[in-house]
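Read top to bottom, the protein sequences are chains A and B.
1 is the number of the first residue of the first sequence in the numbering used here; add one for each residue after it.
82 is the number of the first residue of the second sequence in the numbering used here; add one for each residue after it.
Hint data in this document are derived by calculation from the structure and do not stem from the laboratory.
Certain hints may be false.
The calculated EDC-like cross-link candidates involving lysine to aspartate or glutamate, where the alpha carbons are at most 20 Å apart (straight line), are [claimed, not checked]: (1) 88/B to 62/A; (2) 88/B to 114/B; (3) 23/A to 177/B; (4) 22/A to 182/B; (5) 28/A to 10/A.
Away from chain A, derived, C-beta distances all over 10 Å, residues of chain B [to be verified]: (6) 128; (7) 137; (8) 141.
What follows is a list of derived Cβ distance ranges for each label pair [stated by the list, open to error]: (9) 105/B to 11/A: 44 to 50 Å; (10) 144/B to 41/A: 34 to 40 Å; (11) 4/A to 133/B: 37 to 43 Å; (12) 163/B to 47/A: 15 to 21 Å.
Source: prediction; values computed, not measured.
Even for Gly, the Cβ is constructed at its ideal location relative to N, Cα and C.
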Amino acid sequence: MPNITMLDIEELKKTKLGGFIKKSLRHKAPDPAFHAMLGHNPELSASMYFAWGTVFNTGKIDHKLKEIIRVQLSRTADCNY
Amino acid sequence: MRSASAKQQGLTEQMIDEGIEEYETSENFTEAEKIALQYSDLMDTEPDKIDETFYDKLKQYYSNEEIVELGAFIGFNIGFHTWFGTLGFYPMFTPDGRLVDQEESARIYGDKPISHTKGAIQRAMKGQKEEATGRIRK
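Isolated chain A, as found in the complex:
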């Protein structure tokens, strides 16, 4: 069981995070668990979502290379997310 409650994404869809969750469901990343956890603090969840989108989806570095790096770092951190 997660160490803090995971919020229900159907409920989160009704909040200010709804647009982000729909986008996550469409793009498959970030996994909606991002908002299910960070959604306890909606303002922060929204800010971090924008930051995450900027570092991951914009810029000049190849997106595929970033995805390999992301998975590399998740494995060393023992993070299944």
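With the hints as your guide, set chain B onto chain A.
For chain B alone, coordinates are given in the frame of chain A:
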């Protein structure tokens, strides 16, 4: 789960595994890609080794703007994955893109994050078939 954009651009699980496990010797990555993967690897495990000499090598392939982009991305992910790892939750997406509950996700991904080619994809496909035949109640 993997980035849909990256998959659409041709990224495969085999390329991910090769990029993580054998990027230094692989012939499928450019020198620029290899040093970016090393940058990430070292920042995560041995940041003291990222010195002026390393940055000089990095600058042979990347502009300062790109180094900032890479560094911010790597730093962001080290922090998030370290924290998320302590929270003990699983992705809501299976490797094949289905939304599942935590119990099913734990069954698919297992205790430790390992290559999706080492069981997660097969377990997800098995779950999909069982779901289709009504053996798993959602």
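Going through the hints against the structure:
no.: 1; hint: 88/B to 62/A; in the structure: holds, 12 Å
no.: 2; hint: 88/B to 114/B; in the structure: holds, 17 Å
no.: 3; hint: 23/A to 177/B; in the structure: holds, 17 Å
no.: 4; hint: 22/A to 182/B; in the structure: holds, 18 Å
no.: 5; hint: 28/A to 10/A; in the structure: holds, 16 Å
no.: 6; hint: 128; in the structure: holds, 13 Å
no.: 7; hint: 137; in the structure: holds, 19 Å
no.: 8; hint: 141; in the structure: holds, 15 Å
no.: 9; hint: 105/B to 11/A: 44 to 50 Å; in the structure: holds, 46 Å
no.: 10; hint: 144/B to 41/A: 34 to 40 Å; in the structure: holds, 35 Å
no.: 11; hint: 4/A to 133/B: 37 to 43 Å; in the structure: holds, 41 Å
no.: 12; hint: 163/B to 47/A: 15 to 21 Å; in the structure: holds, 19 Å
Violated hints are absent here; each numbered hint is respected by the structure.
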